[in-house]
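Protein chains in written order, with our numbering: chain U, 1 to 253; chain S, 1 to 222.
Please keep in mind that the hints were generated in silico from the structure rather than gathered at the bench.
Just so you know, these numbers come straight off a predicted model, no measurement behind them.
Don't be surprised by glycine CBs; every beta carbon is placed ideally from N, CA and C.
Among the hints, a few may not be true.
[What the hints assert, rightly or not] Straight-line alpha carbon distances no greater than 30 angstroms define the calculated BS3-like cross-link-like pairs of lysine-lysine that follow:
hint, chain 1, residue 1, chain 2, residue 2
1, U, 248, U, 211
2, U, 211, U, 133
3, U, 133, U, 166
4, U, 133, S, 161
5, U, 139, S, 135
6, U, 133, U, 146
7, S, 161, U, 166
8, S, 135, U, 146
9, U, 211, U, 166
10, U, 139, U, 166
11, S, 161, S, 19
12, S, 135, S, 55
[What the hints assert, rightly or not] Anything over 12 angstroms on all C-beta distances counts as not near chain U; from chain S, calculated:
hint, residue
13, 37
14, 142
15, 162
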Amino acid sequence: MIAARQLQKRFGTLEVLRNVSLDVQPGEVVVVIGPSGSGKSTLLRCLIGLEAPESGEVHIDGQLFIRRDGRDRGPLRRTAEFRRIQRTMGMVFQQFSLFPHLTVRRNIMLAPIRTLAVPEAEARARAERLLAKVGLEDKALEYPDKLSGGQKQRVAIARALALEPKIMLFDEVTSALDPELIHEVLSVMRGLASDGMTMVVVTHEMGFAHKVADKVVFMDGGTVVEEGPPTTIFGGAREPRTRSFIEKVLTHI
Amino acid sequence: MSYEWAWSIVPRAMPALLKGLQLTLFVTVVVIVLGFVLAIFVAAGRLARSPLINKPVAAYIEFFRGTPALVQLVWVYYCLPIVLGIELPSVASIVLALTLNVAAFYGEAIRAGIQAIPRDQSESADILGLSYVDKMRYVIMPQGFRIIIPVVLSQSISLFKDTALVSTLGVADLMYQARVVATETYRPMEILTVAAMIYFVLAFPCTVATRLLELRLARARH
Numbered sequence: 001m002i003a004a005r006q007l008q009k010r011f012g013t014l015e016v017l018r019n020v021s022l023d024v025q026p027g028e029v030v031v032v033i034g035p036s037g038s039g040k041s042t043l044l045r046c047l048i049g050l051e052a053p054e055s056g057e058v059h060i061d062g063q064l065f066i067r068r069d070g071r072d073r074g075p076l077r078r079t080a081e082f083r084r085i086q087r088t089m090g091m092v093f094q095q096f097s098l099f100p101h102l103t104v105r106r107n108i109m110l111a112p113i114r115t116l117a118v119p120e121a122e123a124r125a126r127a128e129r130l131l132a133k134v135g136l137e138d139k140a141l142e143y144p145d146k147l148s149g150g151q152k153q154r155v156a157i158a159r160a161l162a163l164e165p166k167i168m169l170f171d172e173v174t175s176a177l178d179p180e181l182i183h184e185v186l187s188v189m190r191g192l193a194s195d196g197m198t199m200v201v202v203t204h205e206m207g208f209a210h211k212v213a214d215k216v217v218f219m220d221g222g223t224v225v226e227e228g229p230p231t232t233i234f235g236g237a238r239e240p241r242t243r244s245f246i247e248k249v250l251t252h253i
Numbered sequence: 001m002s003y004e005w006a007w008s009i010v011p012r013a014m015p016a017l018l019k020g021l022q023l024t025l026f027v028t029v030v031v032i033v034l035g036f037v038l039a040i041f042v043a044a045g046r047l048a049r050s051p052l053i054n055k056p057v058a059a060y061i062e063f064f065r066g067t068p069a070l071v072q073l074v075w076v077y078y079c080l081p082i083v084l085g086i087e088l089p090s091v092a093s094i095v096l097a098l099t100l101n102v103a104a105f106y107g108e109a110i111r112a113g114i115q116a117i118p119r120d121q122s123e124s125a126d127i128l129g130l131s132y133v134d135k136m137r138y139v140i141m142p143q144g145f146r147i148i149i150p151v152v153l154s155q156s157i158s159l160f161k162d163t164a165l166v167s168t169l170g171v172a173d174l175m176y177q178a179r180v181v182a183t184e185t186y187r188p189m190e191i192l193t194v195a196a197m198i199y200f201v202l203a204f205p206c207t208v209a210t211r212l213l214e215l216r217l218a219r220a221r222h
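Just chain U, same shape as in the assembly (with noise of 0.2 angstroms):
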């Protein structure tokens, strides 16, 4: 579903990603771990197209959506083509980024609206089903600065489902939660996992890796140190940075 070969990126100096490769098969939910500044949001970043890779290619679902070979500058180019595969992808963010100026109802039927040009009616509809499915039916009218962290984070995943992407990715998505409202976030994500979503995901939450990933990718200084099942990669991880990451995020528990 996602195959992303040799990406390479730079802020300045820094070396962010140095030949990552990463492999994601239809409904699988990989989770990618690993110190901050070890490169996974940038990752997440390239997959959807809001980074620029130096060199290195991304394919989606068969499809090459981004190939670079080092000679190109700048962002990439929107086309009409990039914009189509892009929009198979849902990502939501550290930060929730709602538009705050729509209602909880307007943020996720902007986007069907005007992208797929969804009738009002029916993108309403649409946007009814999901907040059900997220438990924030009556939320609807409400401003985004009503709500909690989790129900915000909540909100911006059905935004997201609005398009009915085949992937969906998050970046961190409870690290700005009060700890007590970071399970009802999971449970959402769980349960889209269980509904069959191919789910790249980036979390310190070794719990929801542990119980929900087919895949745990240990990430550090901008490489994929280790890839494996979860029950590896916590149990018995070939690379001692990865068994030093693992044993200090868990002790700390």
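Assemble the complex: chain U is given as a structure, and chain S must be docked to it using the hints.
Same frame as chain U, but now just chain S:
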């Protein structure tokens, strides 16, 4: 020595002053509208990625912000006809000069308002598949306007007062009429005081309203 005010002159001066005020208001409104439309293109040009577009637009902005409005008025009025070989009616030429002037200021206000919107808003719109125009229209501008409107309003009030400059070019605005009547009646103290009050009575409520609006926009997000 004390000056003897002769306020009785005022009623006789009012018709001329009000006629001048009409032109002042006409010029102000036309320049605000034209200036704002032009400013949208100025802001877009300033934010354009290509240096072939953003550099000349930046130069235009800096030129009009860095030279006195009076010089711009006089230049467009006297020099432009010679350079281009076209004669503009005097009101048209001051409208042109003032429009170019305020569009530079409005344009910068619009650019600043757009750039104040957090980047994740734009990125969210992008990955939701919105076109550039839809992103601007439904996501960026509605939020940017909360920042832009108070700035544009206060600059428009300045413009209203700055239109007095056109009196130096013989355009019969409020200030020009005041000077004419003052000379005719030998009563400059009374007439210019009344003219100042007319400007103030119109500008001050707008200033207060702008400040209230600014507070409201700052407090409420919707």
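Hint check results:
For the proposed pair residue 248(U) and residue 211(U), the alpha carbon gap of about 19 angstroms is at most 30 angstroms, so the pair holds. For the given pair, residue 211(U) sits about 21 angstroms from residue 133(U) by alpha-carbon distance, which is consistent with the 30 angstroms threshold. Among the hinted pairs, residue 133(U) with residue 166(U) is consistent with the structure: their alpha-carbon atoms are about 17 angstroms apart, no more than 30 angstroms. Under the criterion of a C-alpha separation no larger than 30 angstroms, the hint pairing residue 133(U) with residue 161(S) is inconsistent with the structure, at around 58 angstroms.
Between the alpha carbons of residue 139(U) and residue 135(S) the distance comes to roughly 24 angstroms, so the proposed pair stays at or under 30 angstroms and holds. Under the criterion of a C-alpha separation no larger than 30 angstroms, the hint pairing residue 133(U) with residue 146(U) is consistent with the structure, at around 20 angstroms. In summary, the hint linking residue 161(S) to residue 166(U) is not supported, as the alpha carbons are separated by about 59 angstroms, beyond the 30 angstroms threshold. For the hint pairing residue 135(S) with residue 146(U), the CA-to-CA distance comes to about 24 angstroms; that is within 30 angstroms, so the pair holds.
A threshold of 30 angstroms between alpha carbons decides the hint, and for residue 211(U) with residue 166(U) the separation of about 22 angstroms falls inside it, so the pair holds. Taking the CA atoms of residue 139(U) and residue 166(U), the gap is near 26 angstroms; set against the 30 angstroms cutoff, the hint holds. As the CA atoms of residue 161(S) and residue 19(S) are separated by approximately 16 angstroms, the hinted pair is consistent with the 30 angstroms bound. Taking the CA atoms of residue 135(S) and residue 55(S), the gap is about 24 angstroms. The hint holds against a cut of 30 angstroms.
Consistency note on residue 37(S): stated as away from chain U, and its beta-carbon is indeed over 12 angstroms from all of that chain's, at 23 angstroms minimum. A beta-carbon of chain U is positioned within 12 angstroms of the beta-carbon of residue 142(S); the least distance is around 5 angstroms. No Cβ of chain U comes within 12 angstroms of the Cβ of residue 162(S); the nearest lies about 33 angstroms off, and the non-interface call holds.
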